[in-house]
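Asker: Chain by chain, the residues:
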Amino acid sequence: MADLKIRNLQKGFDGHAIIQGIDLDIRNREFVVFVGPSGCGKSTLLRLIAGLEEVSSGSIELDGREITDESPARRDLAMVFQTYALYPHMTVRKNMSFALDLAGTDKQEVERKVSEAARILELEPLLERKPRQLSGGQRQRVAIGRAIVRNPKIFLFDEPLSNLDAALRVQMRLELARLHKELQATMIYVTHDQVEAMTLADKVVVLNGGRIEQVGSPLELYNHPANLFVAGFLGTPKMGFLRGRVSALHADGCEVALDAGCTLRLPAAGTLDVGSPVTLGIRPEHLHRAPPEQAQLMVGTDVSERLGSDTYCHVRTDSEENLTLRVRGDFTCGYGERIGLTLDLDHCHLFDADGLAVARAVRQAA
Amino acid sequence: MLTLKQSRRLTTWLVGLAAWSVALLLFFPIFWMLLTSFKTEIDAFATPPQFFFVPTLDNYLHIQERSGYFKYAWNSVTIAFGATGLGLLFAIPAAYSMAFFETRRTRGTLLWMLSTKMLPAVGVLVPIYLLAKSLGLLDTRLVLVLIYTLINMPIMVWMVYTYFKDIPREILEASRMDGAGTLQEIVRVLLPISKGGIASTVLLSLILCWNEAFWSLNLTSAKAAPLTALIASYSSPEGLFWAKLSAVSTLACAPILIFGWISQKQLVRGLSFGAVK
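Quick mapping for you: the protein sequence lines, in order, are chains A and B.
Per UniProt numbering, the very first residue in the first sequence carries number 1; after that it's consecutive.
Per UniProt numbering, the very first residue in the second sequence carries number 1; after that it's consecutive.
These are calculated hints, taken from the structure and not from any lab test.
Just so you know, not all the hints are guaranteed correct.
Just a sample of chain B residues kept apart from chain A, beta carbon distances all over 10 Å, derived [stated by the list, open to error]:
hint : residue
1    : M33
2    : P49
3    : W74
4    : V126
5    : I171
6    : P192
7    : I193
One-sided and incomplete, this derived list gives chain B residues near chain A with beta-carbon spacing under 10 Å [claimed, not checked]:
hint : residue
8    : K5
9    : T47
10   : G179
Heads up, the beta-carbon is just placed ideally off N, CA and C, and yes, glycines get one too.
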């Protein structure tokens, strides 16, 4: 069992608040990802959970036991660091058995656990090597092995893949997902890479400026971002934003007059006033090219990025706002052309003047 | 006119010449000391100085007979190792706390520690002498161990600190997560990783202790006198005996020179204060 309860957690350094009151529940066997831009406090939050930083106020509870002021050694958590942090003077075997040796575990038991971890991570041929004789990916696996042998209540990962090259990162990402399934373990994972967050997580925690912006499953966050920050942070290419004002209200929605020069009728159930400023968000896959006579919006094309399977066309509205449009890979967009677009109105996001999402009348299944 | 190639070669040659001149200039006194130690007293005084003579071991035999070289050497060894060991015992925890638990005042503390090295030793001679006297520590090895520990402490802390600074904090954090207490963290993780740095610190401290003369001359006389005091005893009372003085100096320098030669790689690393990895 590993249920983590965080209540009103705060942390400041020299009068600067880094973590500003976090409430979070992490349930047994969940894969939770903390994601956010650099400096958002995600690593600090992880280190507070690990016990490597002192909490300024608030509490952390693990399985009903208060561990806020417990030393890291006694929390029963294991951490994998971005820089691997292997003990350079010990062999791979010693690196993995160090914690068990410290705990005075029986020799045969240590041997069994190390072999087991080495088997899972395919480290068997490397057990007698020193860390400097290993490649980056192998070192990372040793760091994970060091955590596995301890059979901790929660695995903590601090940007474990960011020192690896792109190909290896994809491979290790899959291995981590597999490991989570195989070990049935609770894992907390910090990353600034939203692809890692989307692909690995059961639950994503988006952090910004030391606060939680939104918590939810990856698709929930993708499809129903709670505010402009989450909407802009998740998704590649980013969601496009168009400024506008509410021009009329109806029973089942509202009419928004965009600065870009069109009026759209959107299903929205939130409270809005006529004339209030709003921002409309639309993802690249929900924009479609249309002949000028059917288009809702006329835009000028900028550069295109061809990925093979898809092409991302960057376009600019008459109100100087940038949008990205996802089209088929064999489609080519000229530079500086004028093209027409239609918007998938059911998939538009509407945000009020404070950047908070306005509830949609018809919610799509997440 | 010289071509570019010729002028480059000339520059290299001139730099080489300059380097060799300086090196020989620095080495010459040691060489001359070594040479003189094998001369008779008469040869040693000869003008013009003699480069060719019949070598003799008389001086060395005389020293061993009159003073008992090994007693002094043993004093030097125990004092140097004692002070170094005691120093490490304090320097390692101090450097650990400064390197890994830095506060706003850490930098200031380090500089303040170093500033104590700027005080002229003779300024505190009388109080320290009186203290040693009232504690009954005059002419004991213990008093030199204590004094040397204290005077080398700033350097030792600085050196160990710079080595510790190079060690990624995460490695220690990992050991903490693995369940190590502070002592286990230092003994099982930190020290094995920084053993190169600790070795150079030990080496430097040994050399400084071995060569220290001011306090050994003032606080010891017969029982606890180290080699530096032995040299001094040959310098004046019976007039100047150049050959014997050279022999005793050679004997005093030899162990530490040989020791330094063997470990010069560590020493260079240590003296660069962690700048060269």
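Asker: Which numbered hints are broken by the structure, listed smallest first?
Answerer: Going through the list in order, the structure violates hints 5, 6, 7, 8 and 9 and respects the others.
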